[in-house]
Amino acid sequence: MNDKAQTIAAIKNYISRMPSLPIAWSKIQEISKNPRATPADLNQVISLDPVLMGRVMKLINSAYYGLNTQITSLVRAIIMLGVNTVKNLALSTAVLGGLSNKSNFQALNNDGFWRHSLCVGVAAKLIAIKRRRDPKQLEEYFVSGLLHDIGKIPLNNKLSTEYVQALALTDKEHLPLYITEERTMEVNHCEVGRLIVNNWNLGVAMEDVVFFHHFLDSYPGENRDVLLTVAAANYFANAYQIGFSGDRYPESLPPSVYEELKITRDYFDEVESKVNGEIEKAKIFLQVAHQ
Amino acid sequence: MAIRVTFWGVRGSIPTPGPTTVRYGGNTACLELRFGAQEKLIIIDAGSGIRELAGEILKKDLKKGPIDTKIFLTHTHWDHIMGFPFFTPIYMKGAKLEVYGPVSFEDEGLDSVVGGQLQYRYFPVNMGQLEADIQYIRLMELTKDLGDGIRMTTKYLNHPITVLGYRFEYQGKIFCTAYDHEPYRNIFDVPKDDPSYVEAAVTEGAQAAKEENEKVQEFFRGADLLVHDTQYTQKEYEAGKRGWGHSSFEWAIKSAHKAGVKRLILFHHDPDRSDDKLEELYGGYLAKIKGKTKMVVALAKEGETIEV
Chain A
1 MNDKAQTIAA IKNYISRMPS LPIAWSKIQE ISKNPRATPA DLNQVISLDP
51 VLMGRVMKLI NSAYYGLNTQ ITSLVRAIIM LGVNTVKNLA LSTAVLGGLS
101 NKSNFQALNN DGFWRHSLCV GVAAKLIAIK RRRDPKQLEE YFVSGLLHDI
151 GKIPLNNKLS TEYVQALALT DKEHLPLYIT EERTMEVNHC EVGRLIVNNW
201 NLGVAMEDVV FFHHFLDSYP GENRDVLLTV AAANYFANAY QIGFSGDRYP
251 ESLPPSVYEE LKITRDYFDE VESKVNGEIE KAKIFLQVAH Q
Chain B
1 MAIRVTFWGV RGSIPTPGPT TVRYGGNTAC LELRFGAQEK LIIIDAGSGI
51 RELAGEILKK DLKKGPIDTK IFLTHTHWDH IMGFPFFTPI YMKGAKLEVY
101 GPVSFEDEGL DSVVGGQLQY RYFPVNMGQL EADIQYIRLM ELTKDLGDGI
151 RMTTKYLNHP ITVLGYRFEY QGKIFCTAYD HEPYRNIFDV PKDDPSYVEA
201 AVTEGAQAAK EENEKVQEFF RGADLLVHDT QYTQKEYEAG KRGWGHSSFE
251 WAIKSAHKAG VKRLILFHHD PDRSDDKLEE LYGGYLAKIK GKTKMVVALA
301 KEGETIEV
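Protein chains in written order, with my numbering: chain A, 1 to 291; chain B, 1 to 308.
No lab work stands behind these hints: they were computed from the structure.
In the EDC-like style, the derived pairs of lysine to aspartate or glutamate whose C-alpha atoms are separated by at most 16 Å in a straight line are:
id: 1; chain 1: A; residue 1: K136; chain 2: B; residue 2: E211
id: 2; chain 1: B; residue 1: K288; chain 2: B; residue 2: E250
id: 3; chain 1: A; residue 1: K136; chain 2: B; residue 2: E199
id: 4; chain 1: A; residue 1: K281; chain 2: B; residue 2: E199
id: 5; chain 1: A; residue 1: K281; chain 2: B; residue 2: D194
id: 6; chain 1: A; residue 1: K136; chain 2: B; residue 2: E212
id: 7; chain 1: A; residue 1: K130; chain 2: B; residue 2: E199
id: 8; chain 1: A; residue 1: K274; chain 2: B; residue 2: E199
id: 9; chain 1: B; residue 1: K235; chain 2: B; residue 2: E250
When you get a sec, could you build the whole thing from the sequences and use the hints?
Following this line, the structure appears as structure tokens:
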């Protein structure tokens with residue numbers, strides 16, 4: 001086995017037991033024990049953790065239920081399967097973990113990564129609302145944004161030394177992270193993200209967003225709208241420095257994306273306060289658990 | 001006759017013997033289905049009504065050879081499985097039983113959930129002492145050929161645990177069950193000033209609930225006979241029974257009519273509902289729908305047989 005194949009094998013092994021972010025851990029525990037927790041509470045706590053969201057979606061779409069159609073919306077899942085079932089799904093899969101327990105070698109930290117993921121999810125949904133996309137699809141925009149960088153979790157945790165080097169290289173050479181990932185580890189977070197999305201069985205649209213969000217030009221498929229929206233939201237999160245996902249020198253968004261989405265850069269100013277408001281609300285919601 | 005359905009238990013929640021339920025019956029859910037001239041037997045649910053059905057089977061079927069049948073459970077709430085230990089074929093060597101049903105997430109297998117009633121703390125006979133060859137098979141949503149020209153389709157319904165509705169098609173006739181079932185509803189729809197109000201979830205929830213209800217209607221579309229949950233009146237439902245997993249008479253009648261059902265049986269009677277009260281309600285509903293639908297509507301009655 002060559003180096004890259006070995007790296008991929010180690011990452012695949014990690015993905016099969018990947019923990020969720022500690023950010024939502026205590027809240028999901030609290031909600032599961034509280035018989036008065038509302039459907040909205042449940043929806044919110046799962047929506048705030050990319051790993052938990054992915055895992056719950058995986059279970060819902062697994063052979064366990066044998067549903068005929070793919071469910072990409074948590075709201076629908078809660079209505080179909082009921083609050084109790086989804087609570088149990090979430091609790092059973094919310095294994096406490098985090099981006100890394102080796103704090104000395106930590107390239108990304110939980111809070112920064114979480115803020116970035118949530119920011120991209122919320123911004124993608126806001127852009128979709130502005131562009132009057134079908135209300136039924138809004139959740140898919142959110143989830144795709146929330147999960148777009150999921151591939152960074154195994155890299156940061158499994159190859160933590162190399163990941164610190166990859167981040168240092170972005171600073172040194174002013175390069176986007178996905179390029180320095182390839183240089184230091186022969187694999188980028190888009191490829192790793194695709195492994196996760198496949199493992200979780202989250203469908204083609206999600207897979208395309210995760211795999212192509214830095215490779216818009218070479219995208220041949222049908223999920224262009226959600227892909228470009230998430231790419232724009234990702235650019236916004238990096239440019240406005242909301243959260244931190246390792247990309248201090250991201251490539252700028254091609255002008256054609258603004259044209260195709262029919263948005264301007266000014267729109268990001270409008271989005272900024274809304275996104276920050278949503279993140280603060282989420283933060284307060286999650287902190288209630290500690291009181 | 002293509003399918004003959006006999007009701008051995010029609011009551012919801014708990015058996016209700018006594019003078020006020022003697023006409024419609026106090027046993028919990030159990031239906032006997034007989035298919036075609038060979039009278040092939042399929043049982044739905046193992047509520048307390050299955051005890052008397054067992055007696056009937058021994059009288060009628062045993063002379064044709066060892067008992068060989070399938071029991072389809074709609075779900076594993078107690079009122080739908082409590083008769084299982086009293087279903088005498090489970091004690092008979094040579095009997096072959098297949099028990100099908102859904103299992104809720106993270107629950108034990110169907111064998112523990114159903115057969116687990118047979119342990120000394122609850123019952124004098126242990127599961128290991130059963131002589132029959134019993135297989136437990138977990139079901140999901142599917143269409144299955146049961147042989148002899150019987151086609152079965154299952155559909156998830158809305159109840160606090162996983163429930164399946166059953167649709168049987170045989171010789172051009174359709175028989176369906178839709179219990180225990182509450183209409184899907186938009187549980188995200190809270191007042192705007194409620195702290196948990198999220199506009200996008202409210203919009204999406206409304207759409208999802210509507211579509212899921214349409215899917216249930218499609219599931220029993222065109223049924224010659226539909227047995228539907230009608231535990232509550234609409235007034236009772238709205239006054240505090242939301243989320244309990246049961247339908248109102250009003251909902252069942254409306255959705256069955258919309259789906260072109262030919263005969264609707266009102267089923268899973270509330271344990272507090274006396275015979276007199278049932279008939280009074282039934283009379284009221286009949287008067288309301290008179291001339292508005294071709295659908296025949298009747299109350300489920302223990303011991304009654306319907307052929308389609």
